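Go by the hints and put chains P and U onto chain W.
Chains as they are written, first to last, in numbering that gives the first Met the number 0: chain W, 0 to 317; chain P, 0 to 238; chain U, 0 to 322.
Some clues are possibly wrong.
[Unchecked claim] Incomplete in silico selection of chain U near chain W, CB under 7 Å:
id: 1; residue: GLY133
id: 2; residue: LEU301
id: 3; residue: PRO316
Source of the hints: derived by calculation from the structure; they are not laboratory data.
Note that this is a predicted model, so its numbers are computed, not measured.
Ideal placement from N, C-alpha and C gives every residue a C-beta, glycine not left out.
Spelled out from the first residue to the last, the chains are:
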Amino acid sequence: MRTHRTILKSLGGLVLLVLAMALLAGLPLYASAYTVILITSILMYIILAMSWAMFSGPTGYISLAPAAFFGVGIYTAAVLGLELPLPLVILLAGVGSFCLALLVGGLTLRLKGIYFVIFTIGLVELIKNLVLWYEVTFTGTRGRFVVPVDNNTVYHVMLTILVLLLLTAYLIRRSRFGLALQSIGEDEQAAAHVGVNVNPLKMIVFAVSAVFMGAAGAIMATRWSYVDPYIAFNPLFSFMAVLMAIFGGLGKFYGPMLGAVIIAYLEETLITRFPYYYMLIFGLVLVATILFLPGGLVGLAPKLRSWTARRERAHPGG
Amino acid sequence: MHILEGNAVTKHFGGLAAVSHVDFAVDPGQVVGLIGPNGAGKTTLFNLISGALVPESGTIRFQEAAITGLKPHLICRKGLARTFQSVRIFPHLSAHANVQVAALFGRTDRRSVAEANQETVELLEFVGLSGLESLPAKDLKLPSQKRLEVARALATQPQLLLLDELMAGLNPTEVAGAMDLVYRIRDRGVTLFLIEHVMKAIMSVCDRIMVLHHGEKIAEGTPQEIATSRAVVDVYLGE
Amino acid sequence: MRGCLFAEWLSPVEEISTPLDSLHCDCYGREGAIVIVTILDVVIAGLLLGGLYALIAMGLSLQYGVARVLNVSHGEFIMLGGLITWTLTTQFGLNPLAALAVCGPLTFLLGYILHRTIFRRLASTAESVGVFEGNSMLASFGLMFIIQNLALVIWGPEIRGYSYLARPVNIGGALFGANRLLTLGFALVIGLIFYLYLARTRMGKAIRAAAQDRDAAALMGININYVLAICFALGAAMAGIAGMLISMSYPVNAVMGFEYTTIAIIVVVLGGLGSIPGSFIGGFLLGLVGSVVTYFQPGLALAAYYAIFILLLLIRPTGIMGR
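Looking at chain W on its own, in the form it has when it is part of the complex (with noise of 0.2 Å):
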């Protein structure tokens, strides 16, 4: 039953929200243009993160691959940016992702969990090799120059693709798949018992998960104006999804959205202060956060009432 409070609250939220989307679609408008580049970072890595979490995170299978389809994004946009209009390199972009996500999955996620996480492991480096072993055989080259768009053009697409990715990570995570979702993470054949079919759901949603990596790295591709197969598939992308969606936190749906701002805002800094430290520091963060802290940022203030409260218990009254 919902009180007035909650009508309230979701009411509030809602209002909030709507503000927030008003702010930030109008942000080239009075904001100077590092910062919209700024931004443009930050809503990357929130997509990296919030999609890497969309499945990984109910399911626990740990994926790896944020890189490889990230990569993709990137490439498409390299071959196709010439030929082929934005939104549509953008639209290949996340289908390629997704085509790719499901050979995978298929692949993989029939069988027990680890072989899933070997396989991404390894994804982005074999992908490199291959773009590069054909670069290198048919067209001679090595890496592409990427048609260039627009910083404020940039920014409001890499926007819609988060828009778009929050709403689906959302309906995904209320509806009855979101809630499948984390009875397998929970037990996966137990979950088959009930009636969940398993193997096909899985699937979809990494699948899902993929596009958007792929359309933000098409999208991104047009800052960098010349791309290789080094630039484009690295490891660290992976590694930056993972660290801030697991800063952030599991448990509840903005975690690794709050983890995503705060890592690349920390990014920005560190690059300047210590260039040649910042993946040792974030590294460390995430080692930090696995052995101290594995619920995160949203799991810390749990953490600090259970604790409050086992004091209290202890010594009533103070």
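Structure of chains P and U alone, referenced to chain W:
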């Protein structure tokens, strides 16, 4: 018509025959027991029936249709549900969510979330867990977890329910409660096939009993016949 | 022409040549002489590569098979072994083989410390094996970037190399570097020593027990935490030694590790998850495959490995000797 029947069902693990040429039949409305010493192959047989394992040879038919080798979710949707020996509830989901997911996915007809919710509440009440819906399943005590697993299985609206050691780990009061639950499930029209070690319970609750030993069926009959069967007594005393 | 060792060192390239690239041509001297390639050539090259792969995979198999840590930073230990050897050889004039005495223990110690601090704690706080495997894999992913960054700081991004035993040895009409033959010899010797270690020593038996059934082993009085840490450390040491061997024949740099990690993982799956002898055999098999593929299409070796991986997933996921 048998609601469940199996012919020469066989499964090996490595060189060992876990289940060897076992025939079985369950009639609708019955409560059939499956007993045998530890390692006799009882849970393996349940796994073969529910689709968790695929038999090497033999056939299994449910409601006249072959289900051998079907995936578990399809068998569930046909109306065959089970619980597990080691209580495999979804630990971090609430009790309500545990049952709700089964209500949403366990049937061939699609239910709305509202309908599933309604069913969930009813089933939790049926098993006596009202008031505990929002607790994460891992925070429930063992007897409650077992009831939750039963409620979850019932949410798929089965015609046949396989219960694997429902009474294991329960004290005598709880065993009595579990037996009462079994009767009430039968009264709902669900056929029951139970694995049990608590002899007193299974003797009083079952219409027929099957005995497995080293993967083979060694006896079958009414509780009376089983209790006096030489073969069965030997197997149990010889342990 | 692709693959000429010396030529690649001297010309600035962003990508480092790996053992995969160098199989195609065995040429020595700045001009580059084309050598007759025979089936024997390809097979022996495959064995040379395979020895390396076997060593790397055995280490990872120890870490995953026994300690249940899918160590994504495995390749970084290889890289450390290579770069440390380079430093000792070029800056201190040490013979690379002598560097073995530094690389092995150093990487062993590093592995041991990491297990004691990180993975042991993860094991005690994880609710299930699955959660532990996931968390430890992620933690090792973090480690990968930590170690890589440290290496970049210490050694920079430049490709480093040195020449050692580069003189060619004639086998059946084809030429192979003595350094690469030495690598194969080492891999076989280490494999043998390790086999004897597992079979004859107390710790070796404890490791085998832990690999079979960890709980039973613990109940039999084996200090399981210590054994797991040793396994992880041994795996790291094998990687370090492999790195040293690689540095004798190929250039090394701070970002070389990940490709080796990928290959090691595929070999471990091919051999069968949890089987150490399987990894040994799988390493040689994959080396042969790599050699054959590189002969026809250099640059497709990793794709070929993945093709085999895919085949495995479709037909026999448990691998050659998997349980």
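Outcome of the hint check:
Satisfaction of the interface hint for U/GLY133 is found here, the shortest Cβ-Cβ separation to chain W being roughly 5 Å, below the 7 Å cut-off. With its C-beta approaching chain W no nearer than about 4 Å, U/LEU301 sits inside the 7 Å limit, and its interface hint holds. Of the supplied interface hints, the one on U/PRO316 holds, with its beta-carbon coming within about 5 Å of a beta-carbon of chain W, less than 7 Å.
Checked against the numbered hints listed earlier, the structure breaks none of them; every hint is satisfied.
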